[in-house]
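Chains as they are written, first to last, in my numbering: chain A, 1 to 286; chain B, 287 to 737.
Heads up, a few of these hints could be off.
Taking lysine to any residue pairs in the SDA-like style, the calculated list, with each CA pair at most 25 Å apart, reads [claimed, not checked]:
no.: 1; chain 1: B; residue 1: 305; chain 2: A; residue 2: 125
no.: 2; chain 1: B; residue 1: 307; chain 2: B; residue 2: 322
no.: 3; chain 1: B; residue 1: 735; chain 2: A; residue 2: 50
FYI, nobody ran anything at the bench for these hints, they're computed from the structure.
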Amino acid sequence: MAIIECKSVCKNFGQKVALDHVSLEIPEGRIFGLLGPNGAGKTTLIRIINRITIPTGGEVWFKGRPITQDDVARIGYMPEERGLYRKMKVGDQAMYLARLKGMTSAEATRELKSWFVRFGIQDWWDKKVEELSKGMAQKLQFITTVVHKPSLMILDEPFSGFDPVNAELIRQEILRLKDEGATIILSTHNMESVEELCDDIALINKARLVITGGVNEIRRQYGNNNVELVWTDASGRHTEVLPRETDGASTLRTFLEKDGVQINSYKELMPRMNDIFIKLVTEGEE
Amino acid sequence: MNWKTTGIVISREYLNKVKKKSFIWTTLLVPILVAGLTIGIMVAMMNTKEKTKTIAVVDESGIVLPYLTDTETIHYQPLSGIPLDSVKTNLASYGFDGVLAVGPLDSLEKTVPADLYSPKPFGMDLVDNINGRINRAVEDYRIASYNIEGLDQILKDVKANVRLRSFTVSDSGEEKISEAGVYSILSMILGIFLFMFITLFGGMVMSSVIEEKSSRVVEVLVSSVKATELMFGKIIGIALVALTQFLLWIVLSVAIISVAGALIGFDSLMGSNPTEMVSTMGGMDAEQIEAMTAQLSNDSELGTVVSTLASVPWLQLIGLFLVYFVFGYLLYASMFAAIGSAVENEGDTQQLQLPLTIPLLLAYMIALYAFKAPDSSIAFWGSIIPFTSPIVMISRLPFGVPTWEILLSIALLIATFVLMAWVSAKIYKVGILMFGKKSTWKDLWKWIKQD
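The following block holds chain A by itself, in its conformation from the complex:
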């Protein structure tokens, strides 16, 4: 079932159209990627789901009924523009945000301490936020977003500002949260992490929904249905691109039956998300 359903959502800022009848479903328990170039309307859509911005038209439904403030209060939301109180101590700050999300002091302390240990930042508890580097503040922001175990998380550009090591740490945490049953909406420009993490995506360009669906289906849809076969024989290593299904399988069988031939790999050739993204966005330009 869809945890979030956008029904023909529109938003105008004066004359400017920020979202034009966007309808999409976000399935529960999966990672949903919200893609699009800068200024396409992703952040506006996220703000509408969070009820920070009131839509000009259309509705957002949560688990089969119109979304309420109480539903929103439980969402874990990490905005693109990160925000923390600079003059507050890291621990106090995390406690404050956790308690606003409805945790008791005891719960919040216990959960936060264990997150701090997992992220290797237990020494920061009494530091001031302004003493933290950008990456450190990002980690803290991530923890405060997910500490209350929300069933839905909205992460706007979660990897920006992280070095590769920490980006990987966050990636693993996101996958772990999904395994625990959470739904995660991810807005990102990082197409590699879309391929790696997302089950479904929606691409928004110039206020309109361009495409939505499962990542694999979309990649297949934009691919040319080829498979790649790599084999080794006496003369060396060979790579051959073959059309799938039609005679691909029979080609493989003939190779298998040959003597002295070793199959190294046989895989479906799918286009990179990056290429699909560029293709769809530039097509929109024309």
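Given the structure of chain A, go ahead and fit chain B onto it with the hints provided.
Relative to the frame of chain A, chain B by itself:
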């Protein structure tokens, strides 16, 4: 309103401010400063007398010298056998601070020429003193020249010495001796403090709103807290900070003044003249008050001050101060919050803040005027109209204000606060999420009209 989340917001705001070093310092330093200043002024006023100056006198008229009797600060020494010119140039070596040369009597004009020479200019007091004495000598000489019989007796009889004592009469006919100076000081202190508190803590609300907006924390917060809860949580949290500080200031000031008073000597402190202090501060006609208090203080001045202070209804005054502070603060703080929400940094507040600063300054000025004419129509209206009423009313209170006026002004103040809080909440809700554009009053008006 969800009181649980509002409570969390309040406690963060409160603890965050109270734990700051600047809060601890101002809480400790202000009473020390105020007490130090008060004691300093009093001690200074007790010790304004200059050290004794020795003035050499050459009197060629023969009428002035008898009038030049020594005072605490001036010692006159008739000069004989030394030429004036050599004294003039060698004052220091003769041990004189100055030399007064009175020329021969001009019998036609009935006056004397008089010159005062000194290496350093003398203070006003000393010059006035000498001048007054010479004038008296000449006046007496002139009167004597009329040859009126029994003149001494006549002059003695004519000399008036009326003592004006003022009493406040309560409805029950009870009379209390009162001292205008004590009330004036009280009135001014109350007015200034209320103005300071409202400006200080209202401004604190504004910076706190701006901090949340410019650091973008607000976007995370509004998903779990309603904007109105956030705004009122902040306003209430800072109100509690103010009350804490207020309480600590009273306790510390009382402690410091009583300790210092015991050390310096309470009597000598109380002996100084409060009206004098007011006249220097308020720029009143100093001579007038001087004349009045000179007579009042003939008998026990300390008694008058103490009995005046004792007759002040302290509990009522402090109670009303708190009421006017709380509602005056709430009124202004909610408006400051609205303005804070419309800007992204402190620098942009100037233009939007003006409509708040003007009534505050106006109130401050009326309040300073109130002690001269506490029942004038400007003071009356100033204490009824809600935007100025807290500051003006509190400075009128020491002089006694009819109960209906107090009730009316409190009722109007509360009603205005409710209205402004509602308007401010509307502005705040939109403002805190409006980024990247400098807002004007026109925008704010648009946000108010939005549903």
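So which of those numbered hints doesn't the model satisfy?
Of the numbered hints given earlier, the structure breaks none, since each of them holds.
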